[in-house]
Amino acid sequence: MKTRITELFGIKHPIIQGGMHYVGFAEMAAAVSNAGGLGIITGLTQKTAADLANEIARCKDMTDKPFGVNLTFLPVVDQPDYPGMVKAIIEGGVKVVETAGNNPQSVLPFLKDAGIKVIHKCTAVRHALKAQAIGCDAVSVDGFECGGHPGEDDIPNFILLPRAADELEIPFVASGGMADGRSLVAALALGADGINMGTRFIATKEAPVHDNVKQALLAASELDTRLIMRPFRNTERVLTNAAVERLLEKERTLGKDITFADIAPEVAGVYPRILAEGEMDAGAWSCGMVAGLIHDIPTCQDLIDRIMAQANDIIHGRLLKLAD
Amino acid sequence: MQNRITQMLGVQYPIVQAPMGWIARAPLASAVSNAGGMGIIETSSGALEEVRAEITKMRTLTDKPFGVNIAQAFVRDPGIVDFVVDQGIKFVTTSAGDPNRYCGPLKEAGLTVFHVVPTLDGALKAIAAGVDGLVVEGGEGGGFKNPRDVALMVLLPLIRSKVDVPIIAAGGMVCGRTMAAAFALGAEGIQMGTRMVSAAESPVHHNWKDAIIGAKETDTVFLNRHGPGPALRALRTEKTTALDLNPQGDVRPEFANIRDLYFGGDLEASIALTGQVAGRIDAVKPVKQIIDETIAEFEDEIARLCASYNVR
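Residue numbers (my numbering), protein chains in the order written: chain A, 1 to 324; chain B, 325 to 636.
Among these hints, one or two may not hold up.
[What the hints assert, rightly or not] Taking lysine to aspartate or glutamate and the EDC-like style, the derived pairs with C-alpha atoms no more than 16 angstroms apart in a straight line are:
#1 Lys540/B <-> Glu277/A
#2 Lys214/A <-> Glu277/A
#3 Lys12/A <-> Asp305/A
#4 Lys540/B <-> Glu167/A
#5 Lys414/B <-> Glu373/B
#6 Lys381/B <-> Glu525/B
#7 Lys540/B <-> Glu249/A
#8 Lys12/A <-> Asp302/A
#9 Lys205/A <-> Asp296/A
#10 Lys321/A <-> Glu525/B
#11 Lys256/A <-> Asp568/B
#12 Lys540/B <-> Glu152/A
#13 Lys612/B <-> Asp543/B
#14 Lys205/A <-> Asp302/A
#15 Lys321/A <-> Glu623/B
[As the list claims (entries may be wrong)] Here are some chain A residues pointing at chain B (derived, C-beta under 8 angstroms):
#16 Pro75
#17 Gln79
#18 Phe158
#19 Gly177
#20 Leu188
#21 Leu223
#22 Ile315
#23 Leu322
Hints in this document: simulated from the structure, not taken from any laboratory.
Where is the CB? At the ideal position from N, CA and C, for every residue including glycine.
Just chain A, with the same shape it has in the complex (with noise of 0.2 angstroms):
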């Protein structure tokens, strides 16, 4: 299939992994490059600039395919070493970079520069005008379903998609609810030029994850995520587990008092206690609402493959009969 994401990044399937804390390790994204997909690195997940560009070269001895390193911009005061990541990214010679957070207005000269493609996540119209104004290449629309960061505006993807490409000019993916060769096709019809999937890649044989947590994916039903941390506008959508509850129990009793140090037992430091030590009830983790759809722990190869399959028995087959 071919659409202006897959001419953008040279990839064989409008597939993106999109950039997860303690998931998106050279394993994970070297998996999803091979199968025809653009793997995506976490940058922030790496302690220093050293260990990404070790991370990189990882990723360069399993796949010859693109893939890309997601930055994310934090609003902290101790910013990570942001110019030597931008460094090792590019002296490794990485294709794209995905960027989220805050405006990646101070690298984007610098990665422009070198030839690498930027696709920056966004979760309002507004915010993907101001990426492609200020010049990427691509845009990744987060619907409210995604999980992670989903904003403050709370407007899932059969909203938000079509009001992106009735605005947008750059290409786009959709990102949040997708699980399938369905969801592809929905994501195309609303306008987009392809998908990000993030929490369906933590289900697959090749995601360097606890296996508690792949099985916490398959138990989940579409009623199971939360929203934490909307009273600091910082708001997540992560998995219910004990340490969730009690956070959010916090944020009810506590109501407009709550500081950061009260929740921190519950979010600082977590991830690799619940990723990779499968400590489940650690504490909050990122997950979108398409944990309900997931069912299954296939490979990265056959996963995409049986989206690619699906996708196009859904257009020619049963969308293509309706409309003759």
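Given the coordinates of chain A, assemble chain B onto it according to the supplied hints.
Using the frame of chain A, we list chain B on its own:
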């Protein structure tokens, strides 16, 4: 266009008009039926005698099929099933309650029954009750909602993969592209609410229609997620913004003045139930134009998908 929905409902197009209280009455519903869709008469706002008058009016305005919605939480008269059967209605949607309550008697009388569901669990209960089909309603839509909202992008394929009956998608439905996307996810029909509220034949005050036309996709609020009383999605106004920031508990008393808003045009008098799709509506249009454009765009979109993505 022929599929299970057009065949079961006896309509030309698989497009259903949502049963908005006070609004889904003969002038709007007959326009939908005459345009080839399924017009629905609501029974939630008035006494059965008022509904009887609307149905009588419908028969003078259209000879096409139309249906009735029974919003179970709002039923005043226990005789509603006998009433609907006596009126010769063939298609009923039930909502806001246990699907077992009315499904049996309606089916025994030969009616086609669809139940409105916001979750997979709700869908499986309705199937067990024996319904002929489902209206699967995502959190995008306006009106009274399940407090734990699930977006249609996830809910629709989830329910499709667990049930065999035909599904009508509700929430966010406004055009051929949304119809094509819903069909890709497994729906065989779509239901339009806010789009029909802002149709030319809709009886509501032009102030509300203008507010829908002017609204961005961010201009609705989801109220009362933690109860007591029902959660709902409504147009963002001064009143609903205040209720969002400082929840007052059960909002049902606010609906005492609903007619001042719906028909008097005072948007602060009550709560204007509106879906997020308001952000994608930019003109008041006659119902026939809405339906014709939706079907044409649906067919164009499928042709575009077939031409662009031929991997064979």
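Hints, verified against the model:
1. Lys540/B <-> Glu277/A: Roughly 44 angstroms between the alpha carbons, so the hint for lysine 540/B and glutamate 277/A is violated.
2. Lys214/A <-> Glu277/A: holds (12 angstroms)
3. Lys12/A <-> Asp305/A: holds (11 angstroms)
4. Lys540/B <-> Glu167/A: Holds - the C-alpha atoms of glutamate 167/A and lysine 540/B are around 13 angstroms apart, at most 16 angstroms.
5. Lys414/B <-> Glu373/B: Violated, at roughly 19 angstroms.
6. Lys381/B <-> Glu525/B: holds (15 angstroms)
7. Lys540/B <-> Glu249/A: Violated, because 32 angstroms separates the two Cα atoms, which is more than 16 angstroms.
8. Lys12/A <-> Asp302/A: holds (15 angstroms)
9. Lys205/A <-> Asp296/A: Answer holds: lysine 205/A to aspartate 296/A is near 10 angstroms, not above 16 angstroms.
10. Lys321/A <-> Glu525/B: violated (33 angstroms)
11. Lys256/A <-> Asp568/B: holds (15 angstroms)
12. Lys540/B <-> Glu152/A: Distance of about 15 angstroms is within 16 angstroms: holds.
13. Lys612/B <-> Asp543/B: Violated. Lysine 612/B to aspartate 543/B sits at ~27 angstroms, over the 16 angstroms cutoff.
14. Lys205/A <-> Asp302/A: holds (10 angstroms)
15. Lys321/A <-> Glu623/B: Holds. Lysine 321/A to glutamate 623/B sits at ~11 angstroms (cutoff 16 angstroms).
16. Pro75: violated (21 angstroms)
17. Gln79: Violated: closest Cβ of chain B sits about 30 angstroms from glutamine 79/A, beyond 8 angstroms.
18. Phe158: With a closest approach of 4 angstroms, the phenylalanine 158/A hint holds.
19. Gly177: holds (3 angstroms)
20. Leu188: holds (6 angstroms)
21. Leu223: At about 5 angstroms, which falls below the 8 angstroms cut-off, the nearest Cβ of chain B leaves the hint on leucine 223/A intact, so it holds.
22. Ile315: The hint holds - isoleucine 315/A has a Cβ within 8 angstroms of chain B, the shortest such distance being about 5 angstroms.
23. Leu322: Leucine 322/A check passes; min Cβ-Cβ to chain B is 6 angstroms, inside 8 angstroms.
The structure is inconsistent with the numbered hints 1, 5, 7, 10, 13, 16, 17, although it conforms to all the rest.
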